[in-house]
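Protein chains in written order, with this note's numbering: chain A, 1 to 79; chain B, 1 to 367.
The set of hints was computed from the structure by calculation and includes no laboratory data.
Where is the CB? At the ideal position from N, CA and C, for every residue including glycine.
One or more hints might be untrue.
To be verified - A short list of chain A residues far from chain B (calculated; beta carbon distances all over 10 Å):
id : residue
1  : Ile-6
2  : Gly-22
3  : Phe-29
4  : Arg-43
5  : Arg-44
6  : Arg-47
7  : Ala-51
8  : Ser-52
9  : Ala-59
10 : Val-60
11 : Val-73
Claimed, not checked - Only part of the chain B face toward chain A is listed, based on derived beta-carbon distances under 10 Å:
id : residue
12 : Val-178
13 : Leu-185
14 : Ser-261
15 : Leu-267
Letter by letter, the chains look like this.
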Amino acid sequence: MTAAAIDWGQLFELVWAGALAGVGVAVAFAALILGATRAADHRRAERGRVASAYIVLGAVAAFAFAGSVVFGVWVIVSK
Amino acid sequence: MSSDVVLVIVVATALAFDFTNGFHDTANAIATSVSTRAMSPRFAVLLSAVLNFAGAFISLEVAATVGQGIVESDAVTTTVVFAGLVGAIAWNLATWYFGLPSSSSHALIGGLVGAAFAASGASAIQGDGLVEKVILPGIVAPILAFTVAGIAILVAYRIVGRLRPGPVNRAYRLGQLVSGSMFSLAHGTNDAQKTMGIITLALIAHGDLSSTNFEVPTWVVVSSAAAIALGTYTGGWRIIRTVGSRIIKMDPAQGFSAQGSGAAVVLAATHLGYPLSTTHVISGGVMGAGAATRLSAVRWGVAGNIAIAWVLTLPAAALIGALAYGFSSIFGSGALGPLVVSLSILGVTLAFFGRRVARGQVLTADA
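With the hints as extra help, turn the sequences into a complete structure.
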């Protein structure tokens with residue numbers, strides 16, 4: 001049981017990649033909710049431009065979230 | 001004839017382990033979804049069972065790696081595999097009884113290590129492999145998941161904190177359908193294959209398959225997938241209750257942060273060739289999602305019990321595996337030893353669960 005047995009480089013990569021993936025998924029989904037909710041509110045208040053901006057935000061976030069799901073399935077299938 | 005009986009016992013024990021793995025680890029995938037009411041308990045276990053079943057068919061790469069780099073391959077006999085499985089099943093049942101989430105994979109490795117140690121001594125164990133593949137991931141997984149889920153929930157609250165709670169909660173519940181499904185699929189792919197690998201190793205040791213061409217027979221894939229799915233559908237409600245509501249009382253955003261960021265961490269780690277325990281990740285994630293909002297939101301007594309169970313998993317399963325091997329060896333190297341051990345365990349288990357059922361206090365989907 002020695003420290004030499006540990007691949008510290010891979011461990012460091014795991015930490016930052018895991019953190020990036022985990023926080024990234026949470027941010028993407030929260031942005032999706034923000035975009036969808038605010039877009040609906042502004043559309044009801046007839047503020048078309050602001051609503052459109054939130055629709056774009058929601059769409060980008062939805063794309064990012066869907067991308068992370070597809071990547072996850074790819075990881076599962078390809079291992 | 002004797003080796004045929006041992007093979008049948010090993011296959012039956014491996015499928016029994018797969019079943020306990022299913023109902024023990026169901027909690028990982030669905031506990032947060034159930035506690036935030038993203039899914040009904042019955043629907044959650046059904047979805048998880050179907051995805052565990054499907055996951056078992058996706059890839060067979062993990063099946064070839066069971067015990068590799070941890071136990072010397074020439075120390076692995078059918079009796080060692082049998083005793084290792086006994087150690088893993090016993091630890092799974094003990095932790096399930098106390099409602100503690102612990103890693104079934106670590107229990108299986110612990111059982112194999114203990115049985116191999118009892119059979120061939122310390123030279124059969126590869127210490128560096130044990131550190132790299134079991135101990136280090138066991139330390140990293142909960143700490144990483146705790147930190148990531150904590151940051152994730154703080155960022156999520158920052159983004160959606162000023163929105164109306166109704167739509168936000170509904171959206172996070174929908175999100176949990178996706179994150180719970182990903183967890184179940186990943187679990188089925190990983191854990192059902194460990195049983196397939198064990199059965200295939202036993203078939204190779206018995207001479208039914210060639211050791212030069214590791215190919216898992218179709219009946220092994222189907223039976224392993226069915227056993228883990230059946231175990232999942234049975235549902236380990238005690239552990240579901242612990243992970244879902246005894247560590248923290250969570251809202252849908254916390255549930256999604258723990259589960260979604262947990263699934264992302266597990267899959268990112270798998271992609272880098274560093275498989276982490278789903279049990280450690282989701283438990284650490286739930287604690288992190290609670291502690292980030294308020295430290296006192298986490299019931300640290302429950303969290304401490306879970307941590308103790310994690311630390312004990314490897315040595316306890318190893319001790320039981322070694323005892324099972326030692327007891328089995330008293331009856332010689334034939335089938336009598338495994339047969340006596342199997343019947344003894346079956347008798348004790350039936351007597352215990354018979355008493356529990358008679359008392360009518362078994363936790364179910366409704367309780």
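How the hints compare with the structure:
Not every CB of chain B is more than 10 Å from the CB of Ile-6 (chain A) (nearest about 6 Å), against its label as outside the interface. Gly-22 (chain A), annotated as away from the interface, has a beta carbon of chain B within 10 Å; the closest lies near 3 Å. Not every CB of chain B is more than 10 Å from the CB of Phe-29 (chain A) (nearest about 5 Å), against its label as outside the interface. Residue-level check passed: Arg-43 (chain A) sits 14 Å from the nearest beta carbon of chain B, beyond 10 Å.
Distance check for Arg-44 (chain A) against chain B: the nearest CB is about 12 Å away, which clears 10 Å, and the non-interface claim stands. Non-interface call for Arg-47 (chain A) relative to chain B: holds, since the shortest CB-CB distance, roughly 16 Å, exceeds 10 Å. At roughly 15 Å from the closest C-beta of chain B, the C-beta of Ala-51 (chain A) stays outside 10 Å, upholding its exclusion from the interface. Every CB of chain B is more than 10 Å from the CB of Ser-52 (chain A) (nearest about 19 Å), matching its label as outside the interface.
Here Ala-59 (chain A) stays apart from chain B, with its beta-carbon at least about 15 Å from theirs, past the 10 Å limit. Against chain B, the non-interface label of Val-60 (chain A) holds: every CB pair exceeds 10 Å, the least being about 14 Å. Consistency note on Val-73 (chain A): stated as away from chain B, yet its beta-carbon is not over 10 Å from all of that chain's, at 7 Å minimum. Because the closest C-beta pair between Val-178 (chain B) and chain A is about 6 Å apart, less than 10 Å, the hint holds.
With 10 Å as the threshold, the beta carbon of Leu-185 (chain B) comes within range of chain A, its nearest partner Cβ sitting at about 6 Å, so the hint holds. With a cut of 10 Å, the hint placing Ser-261 (chain B) at the interface with chain A holds, because the nearest CB-to-CB distance is about 3 Å. Restraint check, Leu-267 (chain B) versus chain A: the minimum CB separation of about 5 Å is within 10 Å; hint holds.
Comparing the model with each earlier hint shows violations of hints 1, 2, 3 and 11; every other hint is respected.
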